[in-house]
Structure formats: C-alpha cells, structure tokens
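Novice: Each chain, written out:
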Amino acid sequence: MNTKEITNQEELFVSGHRACHGCGMAIAVRHILKATGKNVIVVTPTGCLETFTSPFGYSPWRVPWIHHLFENGPAIATGVVAALKAQGRDDTRVLAIGGDGSTFDIGFGALSGMLERGDDVLYICADNGAYMNTGGQRSGASPLYSATTTDPAGRSSVGKFQMKKDIPTIVAAHGVPYVATASVAYLKDLEKKIKKAMTYHGPRYIQIDSTCPSVWGFPSDRTLEVGRLAVECGITPLFEMENGEITKVRKIKKKISIEDYLKTQKRFRHLFAGDQGREALKEIQDLADANIRKYGLLKQAKAETTTSSEEVFT
Amino acid sequence: MKVTIGAVVKGGTSLGYKTGNWRDERPVLDMEPCKRCGQCESVCPDSAIHIIDEYYIIDYDFCKGCGLCAYECPADAIEMVQEEK
Amino acid sequence: MSQVQVVEGSEAVAYAVRASRPHVISAYPISPQTHIVERLAQMVADGELDTQYVRVESEFSAASVLSGASAAGSRAYTASSSQGLLLMTEVLYASAGMRLPFVITGVNRTISAPISIQVDHQDTISLRDSGVIQLYVESSQEAYDTHLAAFKIAEDPAILLPVMVCMDGWILTHSYERVSFLKQEEVDRFLPPFQPADFLDVKEPKSWGSYGEEEMLMEFKFTVYDAMQKGKQRIKDVFSDLSLVTGRDYGGLIEAYHTGDAEVVLIGMGSMAGTIKEAVDELRSEGKKVGFVKIRCYRPFPYEDIWEEIKNAQVVGVMEADVSMGSEGAVSMDLKAKVCGRANAPLVLDFIAGLGGREINMDLVREIVGEAEKVCKSGVPFQEPYWAGLNPSILP
Ligand SMILES: Cc1ncc(C[n+]2csc(CCOP(=O)(O)OP(=O)(O)O)c2C)c(N)n1
Ligand code: SF4
Ligand code: SF4
Ligand code: SF4
Ligand SMILES: [Mg+2]
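The listed protein sequences correspond, in order, to chains A, B and C. Taking the numbering used here, the leading residue of the first sequence gets 1, the next gets one more, and so forth. Taking the numbering used here, the leading residue of the second sequence gets 1001, the next gets one more, and so forth. Taking the numbering used here, the leading residue of the third sequence gets 2001, the next gets one more, and so forth.
I should point out that these hints are in silico values taken from the structure, not numbers from a laboratory. Be a bit skeptical, because a hint or two may be false.
Stated by the list, open to error - Which chain A residues face chain B? A few, computed with CB under 10 Å, are given here:
1. G16
2. M25
3. P213
4. A273
Idealized CB from N, CA, C, for every residue including glycine.
Bound-form chain A, shown alone (with noise of 0.2 Å):
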C-alpha cells in the first residue's frame, strides 16, 4: 500500500471531487465529517455540493450519501431516520447538508416540518448566498445590496433590495435545541460546532458562511480571509444559540468597516461608484452595527438579546 493510500484512508471526503478552486463548502464538509467521524449518513438537496460530489461513478463521499431533490433535503432525512429507528440502528446518525437556496427558500416547507416534528437530525446551510450551483441567482440569503444574476446591479439597481433571512431565529423559534451559525474562516470553531450538535438528540441547525471564490469575485487563495473578514466587521455574527438563548458568541479581534470586507469582491464592486452605492454601504454598515449591538460583539460588549452569560472563545 503506497503512503497516499494510507492517509486516504482517513479521509471521510476524498479527492477527486469537482468543486471550483478553493471552493468554502468543501472545505467545510472535509471539517463537518472530521467531527461526526464514519457514522452518519449524509442527504444533500441539489445544489453546487451535490453537483460537484455526485457525477456517476466518482463519489468522495466515504459515508453512506444520499441526493435525492433540491426542495427534499429535510424529508429525506427524516425517512432516514425513521428507518433507522425501525431498524434498531440506533448509533448511526442523520446529517443533512443544503445550500441556502433549498434551505431558506425551496425546501423550508420541508425544514419547518422536520423542525417541528422533532426529527433527529442534524441540519446544516452551507450558505454562500445565492444559488451557486445554477450561475449566482438570487436567494432569500443572499446579502442586501448583492448583486446577482437575476438581482443584478444597474443603471436602476443597486443589487438585492431585501435583507438577508434570519433563518437562525426562525429555526430557533421551533424550540430547535441548538441552533449555531460557523464560518470556513475558523474550521476548529466549526468543528467544535458539529460536535457539541452531535451531542444533542432532535433537530440542530448550524448555518456556514461558506465563502464562495467563482460566484462572489474573489481569487482561490482568499476563501478564508474573505470569511474572516465578514466575521470582523460585523456583518456575519458567530454564535451559539440554546435552547432559544445566546450562549456563546465569537467576539471581533479587530473590527475593520464593513467596505474592507466589501471591496475583496465583485459582488460589491458596484457599491463603489456613485451616490446609490454611497448611501447602500452606509445602510450594509448599519446592518453590521446592529449585529455588533445586538450579539455583543466587541470585546468589552455584552449582548442586548442574551441574559445568560456569555463566554468569549478563539
């Protein structure tokens, strides 16, 4: 057996897959099956993860997998569970794995009802705001003032005009147990998400930022980077939600404004000419103001929303 061979072996989400270059969700998925380790079985909805780890004959996917629609994701893995459990196989566990669109939007009918069902299941949005997988549509997550295909920027049009969902809140009001939001920026973070979910029984939901290098506009190298920066201006808050409270919040090192995160990609670039992309920043930087108040981001900060304590974490 050569050495590649050997590590290979390790791996849960092999080579060989077709991701772009530097691509977040993949990334991601490496780090959420580090920390479930071989038992569980994955359902991934259509979208860019599906595509780029389902062309037949070449799956990556070490664990049981299973695609079976874009707007399903939820429902199939509660029919997994639900086998699962006539069987007695009672130490294999259930992750889904959407893309914001079939989570926010398509396929959060299906959510909710797993949600409130009650189903043990582990869901996660691996969101990169907009619907990567058909060219960079718009989504119900895609950020205020984006610019995508189907929301582009023109003479006329600064980009999307609504605000991002706030899914994380609405999965919470289910009564959702744990509820968390991670970024690829900080994978031991995340890891250490999945694992404290995987500790709990019922419905969990973790939102990734996952920085998306071919749809936003910014070079192969800076997946991480471009999410560290979303996380240090504001713009995405890093929490931890239980049982419907803040618990825990990842606090900003250094905040930036919200432009230095904006102008690292295309997306934005339309936000930098004229007074229309003057007047949007200062509302993006207002969004983001309002996270760091509201989420007690900065240092000495303590979160308007949350009674409980709360504990700062690297």
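Given chain A, put chains B and C with the ligands in place with the hints provided.
Specialist: Relative to the frame of chain A, chains B and C with the ligands by itself:
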C-alpha cells in the same frame, strides 16, 4: 463504465478522477521553514495534502492549485509556481 | 382460515398495510384518502401497529419520507389523492429512477380546477410516465389483496420500483363491503421482510442520487423501462402466488370478461368494472356479442394480454375517466399505439366517461355499446373522443 441499478455507486470512488490537470499554479512546500502546524492540510478543499510521519506531502494528482495552502501558511513555507503546460 | 368482516374500503386497505408490517408510514390528509391514514394512526395509538408513523407537512414530504426510508432499507407506505398525488410528482419520478420500492395508495379523485373532491382517474393517470407501477382495483376485497401483492411486486429484486394501488375515491374507500382477511402468519409467509441488496449503511458506504452524464443517462432510463417490461411476468407470478393463499383469482395484468366471441369489447379500469360487467350480462342476454377487459395493471401496460382478448373483435370501446387535454384519453392512446398497424386490428374508440364523479350507470354503458355498434356497421371510427354523459344543454 457500466451503469448500476438506481445509479448507486461505491463511496470514495472519486479517487479515480484526477483533478491535478485543473492546476495552473503548483504549490511547492519547503519542509525547512515548515512548523508542522497542519494549517495547509486543514484548509485544502481537495483533501490533497497528507501528513505522513511529520512530513507534509502534496498530492499533485488532485491538487487544483487554488493557492489556499500557500496563503494560509503562517511560515511562508509554500510557494506557488507557474505550471509549465 | 381467513376471517370475514364488513368494513369500509379504507379500513380494508389499512388492514392490508398493517399486515404488511411497514417500518415507516407517512401521513398527510386529503379527501377521499384520509380515512386510510386515520385508521392506521388509530392502530398505532392502540398499540396494534408497530411502525414509525410520520406526520408530514405536505405530500411532497410524505413521498420524500418514503424515499429516504426506502433507501435506508425499510418498507414504507403512504396514501394520497388528487392534488396530493400531483404534488408528489417530482418525488415519484426521482424515486423510480433511484429504484426505491415503496407503496402508495392512490385514491382516485379529480384534479382542480374546478376544485372537486369527486372521483375520476386524472390524478393517477397524470403519473403514468413516472416509472411507478400502477395497479387498479374494482372492489375493497381486491384492494386488500392487491396491497399485499404491491409490496411484494415493488420489492422484487428484478423490479425495485414504487407501486401505486389506485382505488376509486368514495365508491370504494367509503363504502362498506364484506372483505375476507388473511391471518398474519399467512401474510408473513407470502411477504417476507424487505431485505434490499443496497441500502444506506455505514458499514458499506454507498452513494445514491448520482448525476448521469449524457453518455449513460439513456441507459439508466432503459433499465427502468426494462424493469417495467420484464416486471409484467413477475407481477403475474405474484398475483398467482397470492391467489393460492387467498383462493381468489382476479386474473393477471387484466381480467377478461366474455371476450371469446365478442364483436364489441369494452375496456375500463377501477370500480366502473362492476357496472360494465353487469351491463355486459344484460346485453348478452339480449343476444349482443359484447365483452369486457378490465385493466388491473396499467403501468406496465399489458398490451400483449389485451391484444389476445381483442384481436377477434371488430370494435374496442375504451371507457376512461381521464383526458389528455388537446388529445384524448390516455388508455385509448396507449392501446392505439400498440394496436395500430397490426393485421386485422379492431377499431379503437375512446369514450371519456365519469369525470369528476359523473355517474357511470347501465344506461351509459348501453349508450356506449350502441355507439360502438354503429361503428361496427359503418366501419368508420370517430376521430375525436366521445364524451359520454356530457350535458350539452349547460355548455356556455
Ligand atoms: C425544483 C427545482 N427547481 C430548480 C432547480 C434548479 N436548481 C438546482 S440547484 C439550484 C440552486 C441551488 O442553490 P443553493 O441551495 O443555494 O445551493 P448552492 O448551489 O448555492 O450551493 C437550483 C435553482 C432544481 N434542481 N429543482
Ligand atoms: S460555485 Fe462556489 S460554492 Fe459552488 S463549487 Fe464553485 S466555489 Fe464552491
Ligand atoms: S501550513 Fe505551512 S507551516 Fe503549517 S504545516 Fe503547512 S507548510 Fe508547514
Ligand atoms: S493549492 Fe489548493 S488544492 Fe493544492 S494543495 Fe494547496 S490548498 Fe490544496
Ligand atoms: Mg447557495
């Protein structure tokens, strides 16, 4: 390749699909300054860096040349060099 | 010894499902299906049925839950109707392609608009191209028997496709009938547990739901087509195995009724078969050479079997409770596709009847046979389908 009933396939078979020819730039790792921190292995989207007995080995059969390992290396131990095609 | 009870059709189905020991049942209400899943829920509540009963939030999820459960190696079941079946459409196509053998009761009801809860076959017929096997039943007893067969057909390693048992809403689901039930041991002997070769298993990780490149997609589709075609014999075998247990034989893919010397052969499926048989009896007593073919298995379409029963007839009248807007009824199209071009083939006439609960009675069957006889004489078939029972006086 023969089709299967229901298109079910064995896991891990993507190792039969080499993505190394997607690469324009090749990461070259210098073990001298390397601090063995594992960051490069951790960030590689293509599971193309392996740690074998303290050594970090890049699998050029699969490395797509994204440059993430080089950018994230705290010791500047990885250099991206142009592939000759 | 089996036991006989007078039960509602829905209850007969619930008994068959319980006896089949499904691991997973998903449930979502829609008339006229709801009594089935309600009865199953009560069985679970009373501790009479050990299953994972999943109360889903839509039919889309109902079918998806079955797909996930089936891929994970469990026998799975749900029931739906009309809008609910249409909502499942995308899931059913994908599940057939992925060869997931669950069972659905398709309780027939028309499709909106206008909204109506009355029976016709438009809902299940709309799913005919999906790769789901479709079996139609005439009575509650046949519904009970056919559900037992359905799991065995679906799970046959040579088939591995979803099976839908189609039964007319209200007429069958809500009427009371004497139904004879098998003992659990008899069912267990007939229907062993589901043990698929491939299932989602951490011990042997496999991937499901691949992308099919253009150089292989046709071959994947062909395997499903082929499973349907080859499945015909397997379906007949399962029906005949079951008939040995029940002592009831409905025929194979079709049931032929006085076709031997018939000049006019009617074709139909579902509960209308009872009325048609009665009408055939009456017409025969008047000296008319009329016969009938009941289609029990609509997909795969049993044209060889039908051909044997119609090849000596002059005219075939297809009575069907569905229509393809812009063309004609689906069953007639199927038959014409397979009959046209054969030497001495009978003329095929399409009769659209019974849409949205419009009654199919003896007079209507007589009217249809009368039209068929006219064509026998003239030798000129009508091109447009004949809308039997249409009331022109209220047309706008
Ligand atoms: C019912 C249905 N509608 C549309 C599509 C086309 N489609 C496939 S993937 C996709 C976008 C996926 O977006 P997201 O869930 O965000 O995943 P991403 O590709 O961004 O990772 C769309 C629109 C589909 N496959 N099925
Ligand atoms: S489009 Fe973005 S998310 Fe999709 S594979 Fe490419 S980099 Fe990854
Ligand atoms: S990231 Fe750099 S220092 Fe760390 S192990 Fe890799 S090459 Fe060595
Ligand atoms: S260049 Fe990219 S693909 Fe190649 S080893 Fe480095 S991180 Fe992996
Ligand atoms: Mg997306």
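Novice: With reference to the structure, classify each hint as holding or not holding.
Specialist: So, going through the hints one by one against the coordinates:
1. G16: holds (3 Å)
2. M25: This interface hint holds because 8 Å falls under the 10 Å limit.
3. P213: The hint holds - A:P213 has a Cβ within 10 Å of chain B, the shortest such distance being about 8 Å.
4. A273: violated (28 Å)
Taken one by one, the earlier hints fail for this structure only at number 4.
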